[in-house]
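> Chain by chain, the residues run as shown.
Protein chains: 4
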Amino acid sequence: MKTLLLAAGLFTLAAPLSAQDTTVVTGATIIDGTGREPARDVSIVIAGGNIVSVGSSASIRIPKKARVIPAQGKYVIPGLMDANVHLVYGVSVEFLARYEGRFEELIAEAAQVGLANGLTTVFDSWGPLTPLLAVRDRIAKGEIPGSRLYVAGNIIGLTGPFGRDFNADAEKSVSKGFRNRIDEMWEEGTGPELMWMTPDSLRLAIRRYTARGMDFLKYAVSGHTQMEMLMFSPEQQRVIVEEGHRAGIVVQTHTTSVESLRQAIEAGVDLMQHCSISGRVPIPDATLALLQSRKVWCAVQPVTKVRLDATVAAATSFPRRVFYDELIKVEEANERRMVAAGIPVLLATDAGIMNPDEHDALPEAMKKDENTDHGQAHFLWFKAMAEKGMKPMDAILAATSNIAKAYHKDREIGTLEPGKRADLVILDADPLADIMNVMKISVVMKDGAVVDRAVLPLKRVLTRK
Amino acid sequence: MKTLLLAAGLFTLAAPLSAQDTTVVTGATIIDGTGREPARDVSIVIAGGNIVSVGSSASIRIPKKARVIPAQGKYVIPGLMDANVHLVYGVSVEFLARYEGRFEELIAEAAQVGLANGLTTVFDSWGPLTPLLAVRDRIAKGEIPGSRLYVAGNIIGLTGPFGRDFNADAEKSVSKGFRNRIDEMWEEGTGPELMWMTPDSLRLAIRRYTARGMDFLKYAVSGHTQMEMLMFSPEQQRVIVEEGHRAGIVVQTHTTSVESLRQAIEAGVDLMQHCSISGRVPIPDATLALLQSRKVWCAVQPVTKVRLDATVAAATSFPRRVFYDELIKVEEANERRMVAAGIPVLLATDAGIMNPDEHDALPEAMKKDENTDHGQAHFLWFKAMAEKGMKPMDAILAATSNIAKAYHKDREIGTLEPGKRADLVILDADPLADIMNVMKISVVMKDGAVVDRAVLPLKRVLTRK
Amino acid sequence: MKTLLLAAGLFTLAAPLSAQDTTVVTGATIIDGTGREPARDVSIVIAGGNIVSVGSSASIRIPKKARVIPAQGKYVIPGLMDANVHLVYGVSVEFLARYEGRFEELIAEAAQVGLANGLTTVFDSWGPLTPLLAVRDRIAKGEIPGSRLYVAGNIIGLTGPFGRDFNADAEKSVSKGFRNRIDEMWEEGTGPELMWMTPDSLRLAIRRYTARGMDFLKYAVSGHTQMEMLMFSPEQQRVIVEEGHRAGIVVQTHTTSVESLRQAIEAGVDLMQHCSISGRVPIPDATLALLQSRKVWCAVQPVTKVRLDATVAAATSFPRRVFYDELIKVEEANERRMVAAGIPVLLATDAGIMNPDEHDALPEAMKKDENTDHGQAHFLWFKAMAEKGMKPMDAILAATSNIAKAYHKDREIGTLEPGKRADLVILDADPLADIMNVMKISVVMKDGAVVDRAVLPLKRVLTRK
Amino acid sequence: MKTLLLAAGLFTLAAPLSAQDTTVVTGATIIDGTGREPARDVSIVIAGGNIVSVGSSASIRIPKKARVIPAQGKYVIPGLMDANVHLVYGVSVEFLARYEGRFEELIAEAAQVGLANGLTTVFDSWGPLTPLLAVRDRIAKGEIPGSRLYVAGNIIGLTGPFGRDFNADAEKSVSKGFRNRIDEMWEEGTGPELMWMTPDSLRLAIRRYTARGMDFLKYAVSGHTQMEMLMFSPEQQRVIVEEGHRAGIVVQTHTTSVESLRQAIEAGVDLMQHCSISGRVPIPDATLALLQSRKVWCAVQPVTKVRLDATVAAATSFPRRVFYDELIKVEEANERRMVAAGIPVLLATDAGIMNPDEHDALPEAMKKDENTDHGQAHFLWFKAMAEKGMKPMDAILAATSNIAKAYHKDREIGTLEPGKRADLVILDADPLADIMNVMKISVVMKDGAVVDRAVLPLKRVLTRK
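Same order as they appear, the protein sequences are chains A, B, C and D.
Under my numbering, think of the first position of the first sequence as 12, with each following residue one higher.
Under my numbering, think of the first position of the second sequence as 12, with each following residue one higher.
Under my numbering, think of the first position of the third sequence as 12, with each following residue one higher.
Under my numbering, think of the first position of the fourth sequence as 12, with each following residue one higher.
Careful: at least some of the hints might be erroneous.
You can't tell identical chains apart in this list, so a pair holds if it fits in one copy or across any two.
The calculated DSSO-like cross-link candidates involving lysine-lysine, where the alpha carbons are at most 30 Å apart (straight line), are [what the hints assert, rightly or not]:
hint, residue 1, residue 2
1, K378, K183
2, K378, K152
3, K306, K378
4, K340, K306
5, K187, K76
6, K340, K75
7, K470, K378
8, K476, K75
9, K379, K306
10, K379, K75
11, K75, K402
12, K75, K183
13, K470, K399
14, K75, K470
15, K187, K379
By construction, these hints were calculated from the structure, which means they are not laboratory data.
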């Protein structure tokens with residue numbers, strides 16, 4: 012019956028296929044991202060960058076001139092996704108001075124590092140919009156390799172990198188001209204000044220901003236440094252959500268406390284980043300129920316046990332009022348409750364590629380299980396969630412179809428079904444037996460083309476050999 | 012007819028009066044704080060600390076052994092009030108280290124400086140609760156002279172003096188033990204940690220706090236340093252208001268933006284401090300209308316033109332994102348609109364007595380029209396509001412009966428009517444002719460006793476001869 | 012022969028003694044501070060605050076009405092001294108704000124804590140001159156108890172507590188008036204401005220300063236924070252030494268590097284504080300030889316092994332260029348070489364009584380063997396030097412007669428010889444068997460009077476019960 | 012007689028000249044840098060990059076194929092020099108992060124900006140040695156245009172840009188790896204650690220350093236930030252001077268106080284930078300006499316009156332102990348005394364090309380007569396010294412032959428005499444009539460080649476069009 016369904020899918024494709032264009036992955040066990048049980052000895056026919064058919068190897072006829080990728084004994088999953096990355100990653104004066112004018116290079120490098128590690132799609136939720144759009148489009152056109160990129164630009168309400176939300180001390184050491192250029196590249200008129208506005212004025216500002224061509228909107232419900240403070244009134248929040256939806260794009264949030272979390276849900280957002288962070292207090296049951304009833308997607312950024320312990324140990328150096336170790340323990344407990352309650356979540360990491368000098372200067376404890384190091388961050392996510400009791404199949408959905416749905420991209424990507432883009436990863440070992448087998452990558456395919464992982468990134472700026 | 016009314020008032024007093032106990036102010040022009048036209052050649056009979064009768068001198072019979080205060084050619088107004096003072100005034104390490112353990116002395120000194128300058132009642136809206144209550148009670152019992160004192164304690168949600176809301180740098184230079192003692196003396200469990208809480212937990216915390224015996228509650232709707240950020244969700248705010256009202260006390264707010272202002276009104280508060288501060292955007296007409304329809308009292312802290320100019324000139328040294336000069340201009344415009352619209356306001360100053368060393372170190376521009384210098388601050392308020400077009404009579408109401416009503420103390424104080432406490436100021440010149448004549452004080456009387464202004468403050472700690 | 016010599020000493024005393032005035036310590040083993048072998052069963056006759064005779068108990072006739080202190084089985088040593096203390100100890104804003112105006116109380120308290128622990132004389136080498144002189148004189152007159160006090164005032168060339176040499180950050184948090192008052196109380200015109208001067212101008216400045224009545228001069232050859240930098244040229248240094256000697260007082264130095272150490276010797280100083288600190292390089296043999304040939308006294312401030320290890324472990328948090336752990340290891344090696352070479356040294360500690368709040372805030376490692384905690388610091392000195400191989404007898408000389416000689420006070424104090432002030436400590440156990448027996452204090456006598464150790468300090472300001 | 016002498020000079024040239032190679036400047040008034048009176052209608056024959064002959068136009072025979080530069084009515088002076096520049100100019104994190112790896116570009120750009128403005132030779136007395144040597148050599152080989160470059164590397168004893176001597180705050184905001192790379196590029200083992208050393212160890216360190224191929228040595232006698240503190244003992248200083256001379260190179264100093272100035276002279280240095288800076292006290296007459304008797308060259312960095320006034324006005328923001336306005340007034344007075352005493356000085360500016368962002372951020376007062384802005388700095392020097400009474404002829408010597416002599420380069424450059432390198436500037440107006448006519452540059456020639464000033468700098472990195 013499954014085969015039948017898949018075969019039926021074939022007819023949805025309009026154009027006749029040229030055999031030259033066709034690739035067939037044969038004989039694999041397929042975990043298709045729908046949540047269905049894995050199917051063994053399946054072949055996938057790919058043409059025009061899309062999946063044309065998926066069926067038992069016996070039933071699939073391989074066109075004569077098709078390229079064949081034999082995958083007997085291997086496992087195919089949809090291309091992995093990360094619901095929250097920052098491909099320009101760093102807020103130090105040193106980093107931004109060195110790379111100002113070269114952000115596109117950094118973004119391309121990060122997109123290629125991700126792709127080489129199985130991420131066929133990533134969502135950048137805070138960064139400089141102009142270079143992000145440029146690289147997004149170049150990747151989309153096939154001019155350069157890289158993960159498929161969707162971008163937000165600024166987190167509405169927050170400052171750019173040199174502002175109080177990210178590097179409040181920058182002001183002391185940086186020239187005004189440089190500071191303004193950088194902050195304006197991020198903010199584009201959506202910085203803290205929006206908080207002063209009446210809902211009506213805010214609406215105009217957001218409307219203007221949505222014309223910039225981003226793929227989704229993100230706004231801060233609570234502060235980035237002042238995590239317990241609120242940024243916008245409920246009325247203001249509704250305006251932001253309405254304007255995002257008016258522009259036809261998904262709206263997501265930055266929340267860090269129980270009240271900000273609840274407000275976000277009530278404002279009607281589609282997705283909440285790091286929604287397991289609720290500050291010093293666990294998420295109330297009522298809020299968790301509300302989240303489920305409103306079907307708001309929840310992206311989580313767990314840390315592994317190794318990392319948690321290192322963070323707690325290092326927390327003594329944090330200021331007295333934000334008990335960082337306390338926060339991370341509450342977050343951890345929230346994540347366990349979500350897993351136990353079967354709430355579907357999204358893989359999200361905040362990952363980026365760090366300035367090597369600054370990376371070297373990290374305390375040793377912070378080099379353990381670096382859960383925001385792009386390229387390994389998503390693997391650590393699998394590790395961390397497994398520790399919290401998540402089943403491999405749920406983890407795969409969290410990294411594929413759940414993200415596609417949350418971002419309203421599920422008509423194109425997220426599963427291995429006919430009509431979808433041919434983004435997939437072939438693994439040497441069964442990820443359902445051990446989720447960490449996602450690291451045993453044999454082949455990454457994006458848009459139907461096999462990725463030459465050995466050459467990525469094409470140019471090393473931040474990454475070392 | 013007026014005389015009739017006043018005479019009628021006599022009968023409301025239960026106890027027969029002993030002549031020895033009686034004081035009569037005779038022959039004055041009286042501006043009684045009700046807003047009525049002034050009455051000439053009036054005498055006020057005072058006994059037991061209360062006003063017994065007010066009537067035309069001709070109609071008043073002076074008891075034989077009564078003390079007579081001849082006030083022919085003079086003007087009597089109700090005792091002045093300040094709706095917002097801070098009698099422990101200073102957040103520097105230097106100040107708090109020097110005076111830790113001596114806060115009662117400072118509070119008493121400030122209360123005496125105020126009384127000598129005509130302030131028979133002041134409302135302290137941020138300070139260390141324990142010493143404030145102690146001095147309040149000692150003044151109430153007549154153990155020491157001083158303005159009648161009503162106190163709030165902390166501004167709920169804000170840190171103590173050494174926290175991020177007042178002196179974020181203190182942490183770098185102060186010992187932990189000292190810092191904690193000071194902050195806890197202010198916060199008493201109502202600091203920033205409340206923001207993390209669910210409304211239910213918050214309710215318990217506020218209920219515990221209201222048991223401490225303060226006279227009113229104040230909470231921060233928006234931040235003190237982060238003026239555009241919000242502190243509490245509407246749900247949390249409602250809890251604070253409910254708990255204040257449940258304890259039978261007035262609830263007031265700290266607001267600094269258009270959204271915080273509107274939220275405060277909607278939360279059901281009784282009084283808003285510095286409600287003319289709306290950040291970078293004028294108060295919307297709708298909000299002003301809402302304020303009026305909900306009958307929320309509005310305390311304003313205007314600056315004089317001299318001060319405004321000095322502040323704007325000095326503003327170049329402020330950080331870029333908070334345009335302090337911009338804020339103060341918006342505030343000024345709001346105040347003018349309020350005056351024009353006839354919205355009744357309260358005199359409020361944020362005044363206290365500054366550490367003399369720190370006062371000396373102020374830039375010269377900041378020594379002009381020092382509108383938070385307790386003792387002269389309320390006079391500068393009259394000057395500033397006159398510049399904005401306020402009529403003398405409205406100014407007198409703002410400094411007397413409006414405040415009494417806003418704080419629900421109008422059954423006892425605020426007007427020169429029989430049954431009220433005998434708090435009054437006798438002036439040498441007509442304040443309705445020129446409001447600045449409030450500075451020409453002849454006599455201050457509190458609770459029916461003439462204040463010996465020459466000896467106040469009894470002990471000089473912060474004040475110089 | 013020894014007895015003969017002592018008996019002879021009797022005749023040097025001019026005045027006949029009244030028996031009432033006389034105290035006799037009987038039957039003790041005496042270690043008299045001259046370096047001689049201990050004498051057993053000795054009695055000491057004391058009158059008029061002086062030692063009148065010291066001789067075998069058999070040979071001493073006890074006046075009838077004399078007070079007798081039986082000391083059979085006990086050990087008597089001269090009163091202990093500390094060649095380097097700071098009785099106002101602290102440079103924080105918090106400390107100085109709290110105690111400004113109360114420095115005499117602090118000095119008296121510290122002098123009493125020291126006395127209770129056997130220190131009959133201390134030398135304060137950096138502090139506020141006016142209150143130090145006042146307390147010195149009150150103790151000298153017998154108005155209050157306390158260690159005999161000799162004081163220097165400022166370290167010439169260095170700033171006061173709020174200057175760059177001690178608390179460079181104070182400038183950011185303290186008012187100008189307070190800062191200037193404090194710094195001027197220490198500097199009295201001998202701060203960093205002297206470095207700018209020609210030798211001729213410097214001479215006038217020093218001459219003016221020596222008129223202030225201090226007991227000795229101290230100047231900085233190298234910096235306090237910039238330990239490797241030099242403060243004064245050799246010509247300037249010679250001027251300071253000449254002017255000190257011209258005023259009839261000892262001149263000592265602050266040195267921290269091999270070059271500053273050598274310069275100090277060549278400048279002709281009498282005493283060098285912490286002369287075992289030579290920075291990152293050991294003291295060259297030639298410099299050590301020069302020190303000996305010029306007979307410059309050397310005060311050392313060793314740390315115990317426990318403290319050394321704690322300091323080295325904590326050193327990772329110090330800035331990169333001053334390798335504090337490296338410095339302390341070099342210092343330690345220098346001290347061992349001095350002990351091995353038999354160079355006589357002085358007990359010195361830098362001790363004072365710390366602000367309790369700041370003490371509580373110290374990292375735990377810094378609470379181990381607190382070698383600058385006045386009251387225990389000198390005992391830790393004995394422990395530290397014993398670890399470095401110093402013999403008990405040499406340690407006792409370092410704490411008594413060596414200091415007296417170095418400060419040119421050996422005609423009055425430092426040994427238990429007739430004609431000296433009767434400053435002594437009676438111990439319950441033999442300090443030559445184990446130097447730590449100096450802690451087993453039975454009696455402290457100063458100026459012939461038994462100290463009531465139980466009541467000291469008379470008033471606790473900084474010390475806790 | 013002059014002509015005779017010049018003609019005689021001809022015979023000193025060994026090689027026969029090819030006419031093609033020859034250039035003749037004809038008919039000019041020549042101020043030859045020797046201090047002689049100007050000679051009118053003179054022609055200069057140039058070949059092989061050298062001056063071949065200088066004589067009256069009538070007496071000079073122009074080779075047939077020689078290039079002729081008609082200079083009738085014009086004025087020829089030797090190529091200008093600056094005795095103190097810093098071609099990598101900036102110590103901010105922002106600047107050094109942006110240009111790390113590109114220092115050679117910056118140095119070349121600055122050398123070209125200087126050359127275009129008449130500076131045929133400059134002496135870089137603090138900068139990163141490796142790129143400076145590289146650009147020096149490329150210019151020397153004619154690979155790129157630029158001022159002839161002589162370089163020192165580090166100022167011995169001082170930190171690199173990110174150390175306490177230049178940007179003590181950098182440590183707070185910069186990664187350790189970056190900081191160390193930068194500081195090591197400047198210090199090369201000659202940083203503050205040298206101060207700790209004994210003279211013997213220091214000798215080895217300096218000897219090692221002189222092998223690096225710099226053109227001269229510079230060391231700090233007094234501190235850069237701690238201007239009144241001394242860096243090295245006289246013994247250490249002698250070692251540095253001896254090792255410089257042993258390597259056959261000139262040794263110069265950084266001094267900032269009367270004592271450091273005197274010590275430098277006594278140490279036997281050849282040249283003192285900014286020797287008019289003597290701190291808060293004027294240079295004593297005896298020191299000025301010593302300077303003259305020892306024939307130590309003195310480079311001065313005067314400011315114009317406009318600049319002086321701006322600096323004094325801005326000085327209120329400097330910290331209290333270094334009275335910068337006081338220092339600059341003392342410096343100014345010293346310079347006037349030097350001019351009055353006829354002490355020959357050198358033009359020196361500390362000039363470099365500033366990071367444009369940081370330049371824009373300067374207070375407006377600091378943009379007036381920017382006396383360290385390379386390209387205009389030397390012209391402002393002429394203006395400043397004229398204001399102080401210097402005669403034009405002395406100013407020209409200060410910018411040419413004095414510098415050549417001081418740096419022991421007077422056999423090659425500094426005058427317009429046969430045998431010297433043909434470095435010259437042709438002016439449109441008489442600099443002896445008005446020294447500011449040095450700005451009216453018609454032609455710059457270096458090594459006998461006319462500089463194409465219009466194309467310099469070849470690549471703009473820091474300079475704007």
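> Out of the numbered hints, which ones does the structure contradict?
2, 3, 5, 6, 8, 9, 10, 11, 12, 13 and 14
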